[in-house]
Amino acid sequence: MGLLTDPSAEQGKATKALLKYHTKLSLLLYLSGVVWFCVLAYPSMNASTYFSENALLPGLVKSEFREDKSAERFLHELEDEMKKYKDSVPYSWILAKFQQIGLDTYTHNFTLNSPLKINEKYPGKNVYGILRAPRASSTEALVLSVPYRPASSPHLTTAPSIAIMLAFAKYANRNNYWAKDIIFLITEHEQLGVQAWLEAYHGATRGYEGILDSGDLRGRAGAIQAAINLEFHEARIGQMDIKIEGLNGQLPNLDLFNLAVKMCTKEGLSSTFKGRANEYYREPFDVWFHYFKTLMAMFFTQATGIPNGNHGLFHSFGIQSLTMEGFGQAKIRATKVGFLSTGRILEGIFRSLNNLLERFHQSFFFYLLPSSDRYISIGLYMPAVCLIAASLIIKACAKWCKLQETPENESGKKSLARKGMDNINFERIITIFLLAHIIGMLIKYSPQYLIKISEEHDLPATKFVTNTLFAFCALSFAVVYLVSFKTCSNSMTVLNIFALLELGTTLICISMNNFSLGMFCATIWAPIALFINPTSCKYYSYMQRILWLCLHPLAILTTVVMINTYTMFRGEKLDEIFSRGLGATNQAIVFSIVDSMIYGNWLYTFVTSVLLPNWLCFWCVSFSVSKDNEKEEAKIKKTN
Amino acid sequence: MHNLVLFGLIICVSSGLTYKQDTFTEELLIKPLYSEQLYAHFQFSTKWDVDLDVEQFRHTHIFPRALGEIIERHNVQELHVTLTEGLWRYESWGYPIEDAAPGAEVWAWFKPDTIDVEKNWKLLANSLSGLLCASLNFVDPSNSVSPEFTFKPKGVTLTQNVNNTFLRYATLPREIVCTENITPWKKLLPCDSKSGLASLLNSGFIHNTRYHSIGLHLRPVCREDACQHMSLELQQTVSLVYDYAIMGTKNWSLKKLFGQAVNGRCDLADKSEIYVDITSKVSNDFNLEPKPDEVVTSIRGGQVSTFAKYTIKNYFMSIHSVSTGDKISVKAPPLLHANQYVTGYGQERGGIVTKIYNNHWSSLDVVVLQNIPWYVPIYLHTLKVISDNKEVQPLALRYIPGKQRLKPYYVEVLVSLPPRSITSISVDFDYVFLKWQEYPPDANHGFYIGSAVVSSYLPLARNFTGLPQDGSTIADSFNASRSGYLVQVRTENMVITLPTPDFSMPYNVICLACTVVALAFGPLHNITTKRLRLKVKNNETILVKLKTKVINKIKGVFSCTKDNDDKPKKE
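For the protein sequence lines, the chains are A and B, in the order given.
To convert, note that position 407 of the first sequence is 558 in the working numbering; the numbers rise steadily by one, no gaps.
To convert, note that position 417 of the second sequence is 418 in the working numbering; the numbers rise steadily by one, no gaps.
Same shape as in the complex, but just chain B:
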C-alpha cells in the first residue's frame, strides 16, 4: 500500500514535470507576394525540454507520441519530411520559409552510434509512410544518397565534425499530396484541427491553391544560450500560395482563404498569433480589418519589413483585407534561383541541365546536389559548368556512380558563381531499356527525375523569409540579422520517356515461332519416317488419265456390286 502511494506520487510529479517541460506555439504568416499571389504559412512548433538521447517516449504530453516512438526506435537524431504539390516559383515569389521539393522529400540524420544506417533508414521510411499515409515506403537505398555538403544538421550535434554516412536523403518526385496526408499530419498537433489555427486547414480550400506543402521537422536544439542542455523541437508547417486570378479578387479574408475564420486559440498553445506582412503596402495598398494589435518592424540583413500582429483570443475572429491601390509593382528577382530541364529529343541520348541565376553584384558560392535515379545513367566526363559562355572549373566535385537497381547517381558540385551571371551545369545521359516488369502500368506520364538542390548562404536577406537556425517560430525571424542566410533552392522535376518495348511483340513472336515449328515438323517427320522410292513417271495426258480413272471407277463399282451380289448367294 505504502509503495503504491509512493508510485502514484512519482507519476504525478513526473507528469507534472513533463507538463512544465514542453511548450507549443502556433503562428500564421500571411504575406502578399509581389506577383499576383498570396502566401500563407502555418508554423506549429513544439519544444520539449528533454534530452533526445535519454528520452524513451513512453509518456509524452504535447509532443506526438507516434512520432516519438518512431525516432526513438530508429535512432534518429534529426528528421525532415515535406510533402509538396506544385513548385515554388522562386523567380517571382521570392523565398519561402521552408524550401521543399515537389513530391515527397525526406532527409534524416541518424545518431552516431547507429550500427546499420541503411536498415534503419528503410525502416524509418516505412514507419513514416504509415504515419503520413504517403508512399514513403518506396524510399530505399536505390534512391537515397548521403550528400556531403548540402544537408548539414540543422540542430545541435554533439561532435564538431559530422560524418555524412549517418545522413540519408531521398525524394519521390512522383508523389501526389492530398487530403489523406494532411489528415494524419493534423493528428500530430496537440489540439488536432478542432481549435486554434489548425482549424483553418480545411482540405476543400487548401488544396485549391497554386502551391501546397506540408512539412515535419524534428531536431534537437539548445535549451538555453549556454547550450548546457538539449531540447527536442518539432516544427510542423503548412505553406500555401493562393492566386488572385483563381480567387477572382485581390481582397481576401480568412474565410475566403480557409473556408472559416478562427474560432479561438488552441488551449494548449503558449502563443497563438497571426502575422500579416504589410511591407508590400507601399506598392499595392490594402486595408486590414480589424486593426492589428501591434505593428512589428523587423530589420533583417538590410531589409526592412513590417508585420501586423494579431493575437488570437478565445473568441471568434476573422481578418479581412481590402485592396485599395492597384499600382504596378516592380519585381525584383531574388539573388539566387535555378531551373532544371532535359535536353535532346528522341530516346537515345539526352542531357540534364541545371541553370543557376546569380543576380547578386558579387560572386556566390553554391552547392548543387543532384540525386539522379539509376535508370538515367549519366556520364561524368560530360559534366560541364558553363558560366556566361565560359567553362568554369568547379571548386569541388563529389560523385558516386550509380548501380543499376541498387544505387542512384550522386553528384554534388561546389561552384563559385560569378557576379550577375547565369551558370549552367550540364551532364549527358543515355536512355536505357528496363526489365519488362519494371515498366509502370500502361497509363503513365514517364519516368521522373527529382529536383536538384542548390544551396547557398546569401549575404543579403532580400526576399528572404526563412527562420534563423536558432529560431523555431516566425517571431524569432524578426530582427534576426545573421552573417548569411541559408537558401536551398529546389528546381523542377523532370519527366523522361524511356524506350518502351512493344509488349505485344513477344506474343507475336511466340505465335510465329510455333507456326514455323509446326510447319517444319510435318515434312521432317515425313522424310525421316518414310522411304523415298522412284516411281515411273506417267507421260499420259490429263484426258487419258481421266479416262482411265473413270473407267476404273466404273469397273470398280460394277465389281463391287457383283461381289455384294455374290456374297449372299454363297451363304
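Bound conformation, chain A alone:
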C-alpha cells in the first residue's frame, strides 16, 4: 500500500535489489520477451480457430451454384475484349453484362492529383453493379470486388475472377433469399480505385485533402458489412491463398477468415495462408519451425502497414474484408478445382454473410496466425512486447533511483551528491527533448513543401525529396552540438531516462495497433537502447554511436530493402544489387510519403514524429563526455 510507506524512509530492499541487478533483470526481460514471442508459434502455446459468431452457420446450406458454364463463357468473351483494350477496362462489355444479369449498374469516376507533381492528374473509372435484395430496403450490403488488370499490367491477370464474379451475380440475382444487397465492384488502378470508391461511398477523405478526388457515387446500398476481394489468376485453381493484412496492420475479424478457410475446405480446395499450407511433422522442432516461418511471414507483412491486397483498404472504414487469391499452379500437392467449386465457395461465403444479424464483433480483431487453422490471441502475444518494454522502463527506474541514491558511508560525500542532483538543469534537458521532436515534426511535414519547391525549380520530385530528407536526417545529427550539458553525466542520465520511458511507452502503444511493427521495433531497438549509457569510456562511447547509427530508421529501411532485393535478384552481381537496393530505398521513402498522403498510412508519420526524435535523444546520450576527457581536450587545445 503506497500510503503506508514513508517517502522519507531509506531505500527499501526492492530498490536495492533493483539497483544491483537491473542490468541482468533488463536483459532477462528482453530475452524472455523474444523467447515468449518465438515460442508462441508452437501448437501447444496457441489455440485452434473456431467460429464465434453462431449466426454465420457456415456451410449448412446445400450448394446450388451451377453457372460454371456461363463463367467459362464470360472468361472467353472477356479475354477477347481484353485484347481490344490493351491499357484500359472494357467498360462497355462489363456494363452490358451487369445490365443483362439484372443489376443496377453504375460507374464511378475519380481523379488522383499527383502528390509529387502539381497539376498532374490521373483519371480512373470503376464499374459496379448492385444486386438489390428482394424485400429489403438497401440498409445493408456485402461487397464482392475484383481489381481489373489490363494486359499491360505487371501483375498476374484477374480475368478469371471477373468471370466467376459475373457468373455468381447471375446465379445470385435469381434467388430471393438475400437479405443484404450485394455490390459487385470492378476497380481500376489496383488499390487506388478501391480507396477512391470507398471514400466516395462514405463521403470521407482518409489521406490529405485534395490529393485523391474521389468523386461521387450514384448508387449506394447502405452500410457495408463485409467485403471479399478476388484475385483468381486461372480458371482452374490448385491453391487458394487467403490474404488478410490491411492498411496500418489492421486485420479482419477472425470469423471472416475462418469462414473463407472453411468454405474452401468444404469444396475440397486447399487454402493456404502466406502461401504455406498446413504440413505435419513428427519432430517438435520441425513443427515449431514450420509454424514460426508462417508466423514471421505474416509478421513482416503486417509490420510494413501496407495492405497486401485490395481488401486492406476496407478495414479502415470498419468493413471486414479479405482477399482470396487463387493460383493455378499449387506449391503443394492438391487437386485443381474449376469454376463450379469456386462459385460454390463464393456462394457459401455470401450465404453465410447473408445470415449475419449484426456486424462482425464476436471474434478477434487482434491476432497473429501461425497457420490457417491456428491463431494467437492478443492476450497471448502482448506479454512479449510488454516484457521488452518493461526492460526499458526498469532500466529507467533504476537510473532514476541511482540518481537519488546517496552514498551512505561518508556524510561529506552525501551532501555533494545532493548537489549533483540539484545541478541537473531540467529546462535544458526538456528543451533538447522537445527540439528532437520538433525536428521530427519538421521532417514529417516537409515533403509537401519540398514538392512545391521542386516544382518551382523544375527538379525531379522523387530524387529531390529523398535527397533532402537524407540531408535533413544528416543535419539532425548535429543536435548533439546543441547539448550544453554533455559533461554533466547526471543530466545526460535524465535525458536517457526520458528517452527510455518514451521508447517503452511508444512500443506498447504501437503494438496495441500494429503488433508486428511494435514487436519489430522492440526486438531490434531495445537491446541497443539498453546498451546506451552516459559513459566516460571513449571506446564504449564510440561503440554506442556506431551501433546506434546502424539502428537509424533510414539505416533499418536500407537494410531491409537490401535484404529484400538480394532475395529477389539472387543471380545478379553484388554491386548491381547494391545500386538496385539504393534505388528501391529511395522509392520506398517516396512511397511511404505518398501512401500517407493518399491512403492515410501512418508508417511515415510514426517514424518521423516518434521514432526519429527518440533516436535523436539516445544519439545525444551516446555523446556524453566525462569531465576528465574535457579537461584533457582543453589541455590539448592549450598546448596547440
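If you're looking for bench data, these hints aren't it; they were derived computationally from the structure.
Warning: the hint list may mix true and false statements.
Among chain A residues calculated to face chain B with C-beta under 7 Å, some are [unchecked claim]:
{"hint": "1", "residue": "K272"}
{"hint": "2", "residue": "K276"}
{"hint": "3", "residue": "R325"}
{"hint": "4", "residue": "G354"}
{"hint": "5", "residue": "G358"}
{"hint": "6", "residue": "E360"}
{"hint": "7", "residue": "S421"}
{"hint": "8", "residue": "G469"}
{"hint": "9", "residue": "L508"}
Yeah, the Cβ is synthetic: ideal placement off N, Cα and C, and Gly gets one too.
Starting from the known structure of chain A, arrange chain B on it as the hints suggest.
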C-alpha cells in the same frame, strides 16, 4: 306490442337504407414495368354515404366495423397506414399507385375538435397495432412529427385552413411485414379472402416478391360533385412487384403469380375488374389469353396508356400472358427520384445526405421531410442544400429540435430544384451513447433511421400511375388529367451502429474493485488495531538461527514429554 313492431320496422328501414348507402369495388392492375419486373396492384375500395361526424359505427354493412369503432373512438378524420417489405425502386420502376415507406408508416388527421391529440394518437396506434398485428404500439410522441407541408389531408375538410397540430406522422423502419399482417387485413374486406380478387392473396406467393406493401387509407370524400354531403371512403391496397429473374420466365399467369386463378367475383362488389397495362407491348410484346373484354385508352398528362380490361364473371377465370418479342427497352427515368444515405465512418461523427434527382427540363419545387430519431442528434447549422456544386438557399425551412427520449428531430425543407439537376441535402450528426437498458438485445442490425419523404407536384404524368385525389378506383385514374400529379417519393432506410459499451466491463470493474477493497482492508485493519513496537534486530546468520530453533524444539519436545510423564505421577 305495437311499439315492438314499429321498432322492428325502423330497424329494417334503417338497415335497408345503409345497404343502399355503401358500395364496394375490387380491382387488380397488372403492369409490366419497363425493367425486368411485373407490378400487381389490388385496389379494394368501400364507399359509405354517411357523414363521419354523425356516424356512431354501431351498425355497419360492408364497411369494417372494427376499423369504424377505432376511428370513432379516437376522433380520427383521416387515416393512412402502410406496411411494406422492400423498397420501391423509383429510378427503374417509375411511380407506384400508392407510395409507401419501407417498414410501417402511419399518418392520421384528427378532427379539429380533438382535445388531446397526443393521447388520441398513442391510443390510435395501439388500437391499430391490435387490428393489424403490427408493432404500431411503438408509435408514440418520441417518434412522431406534425409536418407542415408534406401531408395535407387527402379527403374533404370542413375548413379551408388546416392546422397541422392535428396531424401526426410516424414510421417504424424496423417493422417486418408478413403473413400475420395480411391475415387480419383481409378480414376487413367484405368477402374476406373467400371469393373475389382477395382470394388471390395467398401468403405463400405474395411474400416471394421483390416488393410487397399493404395499405389502409380512410378519408371523408364528397358524395356528389357539388359536395353538399360527405361520404366515408376506405381504400385497401396491396402492391406487389414480381421479378422475372426470380420467377424464371417472362410469361406470367394469375396462377403463377398468386397460386390460383380467380374463382368468381365477390358478390358484395359493385364492380370487379382486372386491368392489364398493355402500353409496354410496344417494346416488349406479349399476348394475353383470353382476349380482354375491352381495351381502354387513357390519355393523362400527355401520356397515353392502354389497358386490357377484364370484368370478372361468376365463374372460374385465369389470365395468361406469353412474352413474344424480346426487344431492349429504353429506360426513361421518372422526373423525380431520391436516395438517402449515411456518410462518414467510425462512431463519432456522421452525416445524413438526401440526394434528389430532377430529370425534368424545368425547375421543380419539392418538400423534403425528415423524421430523424432522437438518438441521432443533428446540427442544423450543418444543413446544406447543394445543387450541382452550388449552394442553394431553401425556400422555406421548418425545424423542431428533438429531445432525448421525448421528441424526434423534425426537418422539413422546401427547395426549388434547378432543371436537370442533382440536389443533395446534407446534415451532420453525432453518435451518442444510450442508457444501458436502451440498447437492443445482442443480435441486432443497428439503429434505424426512417426514410425521408420527398413530395412534389409533377407537371407531367410520365411513369405516373397514382389515383387522382378525387378518385378512389383505378378506373378513376383513366383520362384523369390534372394540373399537377402528387408524388411522395420515399427513400431508403438507414442503419447506423451506435457506440456500444462493453457490457462485460462493469462486471470486471466490480470484481477488481472488490479485490482492491479486500486487499486494502487487511493492512488497514492491522494498522488501526495493532500497536507497532520496536523489536531488537537479530543479527544472527541463518545457520545460527536454524541451530537455535532446532535445539529449542528438541528441548521443547523433551520438556513436554517430561511434563506428560510427570503429570500422571502427580495424580
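So which of the earlier hints does this model not fit?
1, 2, 5, 6 and 7
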